[in-house]
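Both chains are sitting in their own frames, so use the hints and assemble them into the complex.
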Amino acid sequence: MSAPPAPRPPPALRPAELLALTLVLSFCSIVYEFLIARALVSLTGEIVLWQSVTIGIYIAALGLGTWLAGRADPSQRTHTLQRVEIGLSLLGGLAIVVIFLAHVAYRIWFYDFTATMHLATTGHARPLTDPLVLFALACQLVTVAVGVLSGYELPILIELYSARLGRDGTDRVLGMSYAGTLVGSLAFGLLLVPRLDLLGTGLVVAATNLVAAGWLSLRGVERRRRVPGLLALLPVLAVLVAVVVWQRDLTQLLLKNFYYNFPVPTDLGGLGPRLEQKPDVHRIRTHYQDIDVVWDAHMQSRPDLGLIDLTLFLNGHYQLSALDERTYHEALVHVPTLLTGKAPRRALVLGAGDGLLVRELLRYGDRVEHVVQVELDPQMIALARRDRWMRQLNGASLDDPRVEVVVDDAFVFLRSHESQYDAIFIDFPYPYDYELSKLYSVEMFRAVLAHLAPDGYAVFDYPLLSADKGPRARQRNTAIMSTVAAAGFALRFPFGDDAETFVLIARDPRSLALDARDLGFRLETLDEARLSELRAHQFPYDIDPAWVNSVFHPRLTDLTDPRF
Amino acid sequence: MTPAPRPPASLTRPRVVASVTLVVAFCSMVYELLLAQTLSATMGNTNFRYNLTIGLYLASLGLGAFLFGRRKRHDDTALLIDVELWLSLCGSTAPVLVLAFDAAAHALCDATGASFSGLPIQLAVHIANHGLIVIIGLLSGYELPLLMAIGAANDETGPGHRVLITDYVGTLLAALSFPLWLLPTFGVFGVAALAGLLNVLTALFLQTRHTEHPSPARTFLAALGATLLAFGVARSDLVTRFAVDTLYARPLH
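So the protein sequences, as listed, match chains A and B.
Numbering-wise (numbering that gives the first Met the number 0), the first sequence opens with residue 0 and increments by one.
Numbering-wise (numbering that gives the first Met the number 0), the second sequence opens with residue 0 and increments by one.
By construction, these hints were calculated from the structure, which means they are not laboratory data.
Virtual Cβ for every residue (Gly too), placed ideally from N, Cα, C.
Where hints are given, some of them may not hold.
[Claimed, not checked] Calculated from the model, a selection of chain B residues having no Cβ within reach of chain A, i.e. all distances over 12 Å:
(1) D81
(2) T92
(3) A110
(4) A123
(5) I126
(6) A127
(7) I134
(8) R208
(9) S214
(10) A216
(11) F219
(12) L220
(13) T226
(14) L227
[What the hints assert, rightly or not] Which bits of chain B does chain A cover? Going by a derived footprint, with three or more residues having C-beta under 8 Å, they are:
(15) 28 to 42
(16) 61 to 73
(17) 135 to 145
(18) 186 to 199
If we strip away everything but chain B, and leave its shape as in the complex, we get (with noise of 0.2 Å):
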């Protein structure tokens, strides 16, 4: 790590991006995973949620990628801090937002005697519930070409072969841990949080030690941020438990 704090370090050290990229890479395919979990209680079918979830989110990474090579900023690292913490933002709150979709559409047909099983409200829930699959795999594509720029800039090695490589082992330590760790221990909403939590480290990692003008507005957010993710990782029962009885098992009539 660059411990001088005075000189305007960027990300110079290999390592460094490697850490950033496992750590980035498994926060997005833990957010995945939660909302393929989330989105299969609220709207049933799993199998083919499943498949709908994993698909669009390939697809969504696959945009990301191409909106990458179309970007108009090129101060990479800022632009990197940026995307972290859009991602800490949705997908920390995509469970509790896809309960909420559930609820307001619910709450809609209660009011207007419309039909919940119907093509308009069906139509509504599925934009804004894939939405969130959509918005989380775009920022998640646009990071890897982005760290893969960051890394191909200072390894000799070859063109971000290094950071490709990290991605696909964050990818891996999520897929592993997932269900045999982090559901059972955390719960949906638990995991997002810590999901979330790492992201906005990330952030505030890079924004503290690897920027030259740090924005004091983004550190507080950050900070901000963190705080209140380290707060629903650790009391994720209260946030389980709000959850599940103020937006899901409202009382039916």
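So here's chain A without its partners, still in its complex pose (with noise of 0.2 Å):
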């Protein structure tokens, strides 16, 4: 690129068009960051680590391209922002698609599938030399490009601006990026992810990024250099049709690559007819989560014979299995009562929309009154109530007159309402991230007691680890019942196996012993020997202080913590 003399002033922006032009720039350049991080956050599962660490480099690479820009030629800037541009409008509308194949190139090289089912069902997290972890940091390569190219962005608006103006224009440009940043931040979870998924978002961005490019072109650029600005738009906007074709082909290519295991190594081209062979995922992306419900991942369906091979996944995380459901709610449900020795008369459920703890409470006929079921999303009550399958899962539990279902933030629900209950069920996700581990804090359970009837308990779900597990079992163990606890609860009843652990609490010490009782209906997993399993399983730990899990100072997910 050889600087001409410039003998006259090229063509330029008004100020206002420069304005605009920032607003809608930083509107594409922040959306983009956001694409890249909800794609690791969905393809990992871990939100606050993802969602840091992307941020953290796009800002970084944002700082690279500032520098790089204030070393740029100062008579090219319009023609360098129209490159820019055009490279922005291509690397951000494929930023996904680049993404999700590398997981795919991933999954049939490097993934380890029983590594990977070690971690859904412990709740640890992932050490950084983890395949995945890696795969992660190599798509921060991409956030780097993107930084880069909108670090261009700021500081040749500003130039162009102030130069149009005649003054120091830099306070106004820096507010239309702030603003544009803004409108990007609310448009994306609001908006643009709800209706179009990730690929849609990242079209739409990158489509709009490329008008910008194209007026700039029209209007920025000597007469000479418009031609060939706006030829160069041409294989990006093919690029782009392309994808708008293949986007539904290459999402259910992503998620059957994802829930479906394979033989490790799978050779690429036997890849595309497996992937043929498997039905689809019904992915159901909300407010506050992606549900996947995977079909037949096991090979076993037998709708026939009553036989559902279901999977639901919530954010990529395993959460339950219609072939093994009942163990699982069984357990949660029932043991409580084979250990207290009544069954609930009114009853709270907190989580589990999906509507099978429900079934459980059911089955006690008219000893269970009032059943409430607060649950988050309202897709998943959705999705219980009327998807067919589930249906015939849960017993259309929730559509049962005593059974009143709330749509609510459990924590607010606790802390705005007054009722009390004689039994209160949790089963949230495990504690991931920072994020999931409020609902474990010493907060939550607080509010649970103060929800407890005097002679009532409550009972959840959580990853404890038994004594045969090494020595870390004690202190993992140690956190979650030193928060219990510490929110009041004196009697803590840990019971579980290998796979499924769960904390049974009440207010008042009481001695407890897992015998066989008369539920008057049929328990079909809680036999003598699965009791006798569950008895031998015990799980050591302390009561510490030091180790109590507050929403302001959490502990179950410390990221440095050497446990993990």
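The following block contains the structure:
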């Protein structure tokens, strides 16, 4: 690029146009960053880590781009900006595709299914050398590229605007840039992703960016550069159109590849036919999470026999499988009854909007008078109520007249209502990150205690480790048990096996023994063999105030903790 | 650093401007993350809370930058010290204030029989809470062009590019260290005190080393603030216990 002597001023955008351009470009850039972060979150299932690492790397790359812009030829500002926008439109629009395809490649060559299942069932965070962490770090190259290009924008726009204004216009351009970022951050979560999904959002924003680049080419550069500038947009447009056409196939390729377990390594040629044979993954992207319904993951579906092989994932984390959910729900609901000797008359269910836990409660017949089911995600309730197979699984429990469904944040519900219950069942996702660890905080458990009838109990699902899992088992268990103790629960009774563990808690201590009792109906999974298995597992812990998990001081998800 | 205390020293060195920018960018981002964390605890619906906090914060940054363009005062260093002191005060107390607003609203409901989820109470709580985000955003937004102006006045290489870059680096450091180190180590109130301490120490540094007429009142206030905040960092467990027991986990009935 040789600098012409610039004998006459080049055509220039009007100040208002430059400000509008700043708004649009800032909007596009922040959305690209959110997109990359969200894609990595949905592929790894770890929210806080990849959100913060991505924003951090993005901002650092912005800094690098700003620095590089300062070294660019000042006489070529508009031309540089034009090329940056073309590059950004291509890169931003394709970022999601690149990351999704990279994940397909990762699954083919590096994926370790057993390790992933282990992590899913224990709730351990991944070590930094985990292939999935390395994959997500490699994806940050896209973040760096998008960030560097975006970093070019602001200083060039400030210079163009100030030159046009004849005085320093930094404040206005900065103000406009912040406004664009605000619009982007609100539109992303409220409008774009819920309606368009990640791929669609990427395409719409890339198209917006492309229009801005076209505007710049038409209005901002010399006549001789106009046509090449506009021509350069065409291949980008073609790529974006291709992605629009292939969008559905791409999404299913990713989802099937993510959820179906293929022999590793699968050769690339054989992957296509294998994926073709599998039923589509049904993804519901809600305001709160991605709900994925996977059909026939184990190839054991026989709907004619009432055997449904349906697996539910929330944000990529395994939630339940229709094949073995009964083992889980019977233990969670009926072991407390076996222990305490009475069925709850009034019960509160927090989480578990799938209706399966409520189904178990309703088996007590008229001994259960009222069940309040509190679930954050209305789409989860809708799935449980309307989906044919989910209704068959949960026996349409949520439509039972004894059941009251409340769509609300469990914490907010507890803090704003005063009713008391004989039993509170808590079925939240494991504390994979800070956000979820709030659900297991001393504050939450205090609120639970305040809603318990004098001899009521609460039970929750938590990944405890039994003594034979090594010296770390005691430490890990200590954090949650100390939290419960600090909330005022004197009775703490952990039970479970290697796969599923629960804690029964109550205000006052009493001695409990896990014996078979007649509940008035047949328990399918809780036979004597299973009860003795549950009795055999001991979960060691201490009570240590230094490990109390608080909303304001998270302890369960300490990412730097050597335990993880 | 300028060692001579006698001759009136201004922010003459780009390195000093850059260091100040780094610290204040770090603190501002930390305040924002703290508010998102605390607000989602009292108001629920975390995803939306984070969106709204980031959005409002960035808009206020923009508004702050606008306001700077219309400033009357031109003693930039003195202005910067004032902004630092205000930021320190508002930022470090914001998480406790969020809990106090929440407790006050509940107390008001108890006294008057109004519903906590009713519109009047919710409107008041929303305005108070989001007002905190806006105030911190305004101050931070005012700060960046102020620093750029100071930087540009003393930097031959460009109109404050270096300041902008340092600002990004400070934000990066905050975004990485908050979840990985700060939050699990110090807790919400400890981190708030730490960021406040950094702001007030910056003010103190500018006040004593880089102003022509240091104001004794400001120096005293800054020193007092630094002492209190240092205590807050060292004993954040006490603050957490006090805040949770008296303001947040009040007995339900």
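Here is how each hint holds up against the structure:
1. Listed as outside the interface, D81 of chain B is consistent with that label: its C-beta sits roughly 18 Å from the nearest C-beta of chain A, beyond the 12 Å cut-off.
2. Chain A leaves T92 of chain B outside its interface by the beta-carbon criterion, the shortest separation being 14 Å against a cut-off of 12 Å.
3. Separation of A110 of chain B from chain A is adequate, the least Cβ-Cβ distance of about 16 Å exceeding the 12 Å criterion.
4. Annotated as non-interface, A123 of chain B keeps its C-beta farther than 12 Å from every C-beta of chain A; the closest such distance is 15 Å.
5. No beta-carbon of chain A comes within 12 Å of the beta-carbon of I126 of chain B; the shortest separation is about 18 Å.
6. At roughly 17 Å from the closest C-beta of chain A, the C-beta of A127 of chain B stays outside 12 Å, upholding its exclusion from the interface.
7. No Cβ of chain A approaches the Cβ of I134 of chain B within 12 Å, the least distance being about 16 Å, so the stated non-interface status holds.
8. R208 of chain B, annotated as away from the interface, keeps every beta carbon of chain A farther than 12 Å; the closest lies near 27 Å.
9. The non-interface label for S214 of chain B is consistent with chain A: the shortest C-beta to C-beta separation is roughly 27 Å, beyond 12 Å.
10. Annotated as non-interface, A216 of chain B keeps its C-beta farther than 12 Å from every C-beta of chain A; the closest such distance is 30 Å.
11. The beta carbon of F219 of chain B sits about 31 Å from the closest Cβ of chain A, which is more than 12 Å, so the claim that it is off the interface holds.
12. Separation of L220 of chain B from chain A is adequate, the least Cβ-Cβ distance of about 27 Å exceeding the 12 Å criterion.
13. For T226 of chain B, the shortest C-beta to C-beta distance to chain A comes to about 23 Å, beyond the 12 Å cut-off, and the non-interface label holds.
14. Non-interface call for L227 of chain B relative to chain A: holds, since the shortest CB-CB distance, roughly 19 Å, exceeds 12 Å.
15. Residues of the stretch 28 to 42 of chain B lying with their CB closer than 8 Å to a CB of chain A number 5, which satisfies the three-residue condition for coverage.
16. Coverage of a stretch by a chain is defined here by at least three residues with a beta carbon nearer than 8 Å to that chain's beta carbons; for the stretch 61 to 73 of chain B and chain A the count is 6, and the condition holds.
17. For the stretch 135 to 145 of chain B, the stated coverage by chain A is satisfied: 3 residues place a CB nearer than 8 Å to a CB of that chain, which reaches the threshold of 3.
18. Three residues within the 8 Å Cβ limit are the bar, and the stretch 186 to 199 of chain B against chain A gives 4, so the coverage statement holds.
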